[in-house]
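In the order they appear, the protein sequences are chains A and B.
Note that this note's numbering numbers the first sequence so that position 97 is 97, with each residue one more than the last.
Note that this note's numbering numbers the second sequence so that position 240 is 240, with each residue one more than the last.
Hints are computed from structural coordinates only; laboratory data are not their basis.
Even glycine gets a Cβ: it sits at the ideal position worked out from N, Cα and C.
There is no bait here: all hints are sound.
In silico SDA-like pairs for lysine to any residue, Cα to Cα no more than 20 Å straight-line:
#, chain 1, residue 1, chain 2, residue 2
1, B, 276, A, 178
2, B, 273, B, 293
3, A, 276, B, 176
4, A, 290, B, 80
5, B, 288, A, 175
6, A, 195, A, 212
7, A, 290, B, 71
Derived DEER-like restraints, expressed as beta-carbon distance ranges:
#, chain 1, residue 1, chain 2, residue 2, range
8, A, 176, B, 172, 30 to 38 Å
9, B, 21, A, 297, 41 to 49 Å
10, A, 178, B, 229, 24 to 32 Å
Derived contacts from chain A toward chain B, CB cut-off under 7 Å, selection only:
#, residue
11, 146
12, 147
13, 151
14, 157
15, 158
16, 160
17, 163
18, 164
19, 165
20, 175
21, 251
22, 253
23, 254
24, 256
Chain by chain, the residues run as shown.
There are 2 protein chains.
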Amino acid sequence: MNVVCGIDIGGTNTVIGIVDRDGNILDRMRVSTRQFDHAEVFFEKIADVIQVFFKGHSEYSLCGIGIGAPNGNYYTGNIEFAPNLKWEGVIKVTEIMQGFLPGIPVVLTNDANAAALGEKYYGSAAGKKDFIIITLGTGVGSGLVVNDQLVYGHDGFAGEIGHTIYDPDGRLCGCGRRGCLETYTSASGMVRTAKEFLANDKRDSLLRKINKEEITAADIGESAAKGDELALEIFDFTAKILGIKLADAVAHTSPSTIYIFGGVANAGDILMKPLKKYFNEYLLQVYKDKIALEFSGLEQNDAAVLGAAALVNHTL
Amino acid sequence: MNVVCGIDIGGTNTVIGIVDRDGNILDRMRVSTRQFDHAEVFFEKIADVIQVFFKGHSEYSLCGIGIGAPNGNYYTGNIEFAPNLKWEGVIKVTEIMQGFLPGIPVVLTNDANAAALGEKYYGSAAGKKDFIIITLGTGVGSGLVVNDQLVYGHDGFAGEIGHTIYDPDGRLCGCGRRGCLETYTSASGMVRTAKEFLANDKRDSLLRKINKEEITAADIGESAAKGDELALEIFDFTAKILGIKLADAVAHTSPSTIYIFGGVANAGDILMKPLKKYFNEYLLQVYKDKIALEFSGLEQNDAAVLGAAALVNHTL
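So here's chain A without its partners, still in its complex pose (with noise of 0.2 Å):
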């Protein structure tokens, strides 16, 4: 049976799933990304754990790799200053894969258009040709799918809606500027938010139960769904910077759709609710109550792999 790998490179660890071409995960594997100092070395054990796996499993045979990962750009197939890796510049995935796996095609995108491409294939998005997916994890990832195509830009690496400018004066982001989206409405971003909150607020919480300095997003998700008034507000404040932000989002591409996705969606209703209220206020006029707001259709564990596979199951 032909098979893909769809590979998720994430900062911590990348999975390797075989896939077939409707969308099974047939098997999984993990490596941890964080041991490796060197990319050319992990990418050889990446290669090494592929060809022991296909050798094996006779029965499979490999089409294709596709890969997500942090600032993959699909047009040179290399990985380019990530500041979520430890390898620093510019890394030729899908040269050094193709000189380990001579004959099998490659295909490299970062990993929120893998996410779009799970979506358009393997989650809710099928038939739709203009839709958004924003990730909301450890940092804010998006998607754009316009005309029924991937949008790449002139260089690959078009969707950074997460380095989109809330406040030109706000917080430090990671990228050296100030105030993006991603200082707010990502699991970080809510950390912040949420330490600022407890700091400048006198109210009973309780998140103030847990160690100031190891609170989560997910304590925050926990702390709301019982119904804590300063957690609930925590919600409301990201909903209301991330609403303004999809509201401009859809002011550029206006998409049918924006699917939410990752860590932070997993709070439910009590991220969506305000979320929805927000975007609704903030839309133009023209797109009122045209554009459709939801969850992300893809199990959080499947989506990256999937996407990934897609890469060489589909184009877009």
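Using the hints, position chain B against chain A.
Quick look at chain B alone, frame taken from chain A:
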């Protein structure tokens, strides 16, 4: 010889241009838009002017009509709720025109999209696959090209960068919301800035010699050209806001070039110099020094007509 009509519908006047395939404007006629209270009567007049022209010019054969209009929708062929036109609600432009001129193809889009087409085929964007045009006039419009295609979005209303929000608590916009880019960087936005600066600043300025209610963006440009400090600061303020929002636009679709067009652009380097500074300052690292910021290659008076003509002469 085969020709097309490129029609530019503005709030005050409408220009009908007779355009050949190479983008030469062979003739042009003007109709007052504002004097028509009813859209149907207006379009009957337009059809009449066209018929009279072609009766008198048997050397020309009319192949099609392209129309650029505020809130013109490519998909529906309707003008929908255009705030700068007298006619309310939905106006079925292509249907009405085809009623008056049976057998002639009629295509409609909004004025900024038409400008993008004009830039591509008759301006500076030949061969460019990913670019944006920003029109700084009475309002702020934008046309986006991605993967060599105009971005219409799911509903035909994509590309409203003038209505992305700079400051959610900022200036009241004609769209009913607050802090839209248009309220700061349109010609009238600059005049608002001038009035604020003149009221809050005690310095002398050439602008104080003009009746406060009569100051125009052109006056600010002329004063700045003479070295007037306050006028230069108004441009600096305008350029900063535009620079931030254009940096945001890049994070969506990553164009290779952004073209600036419209009355405010007539200020030339007085606008462009600070704009380039702020744009590069607020650009995400991965885009720095890659995205050109240029004035449109279209003549101010021809752009809209050529863009509308390009709707028929070319598809994008």
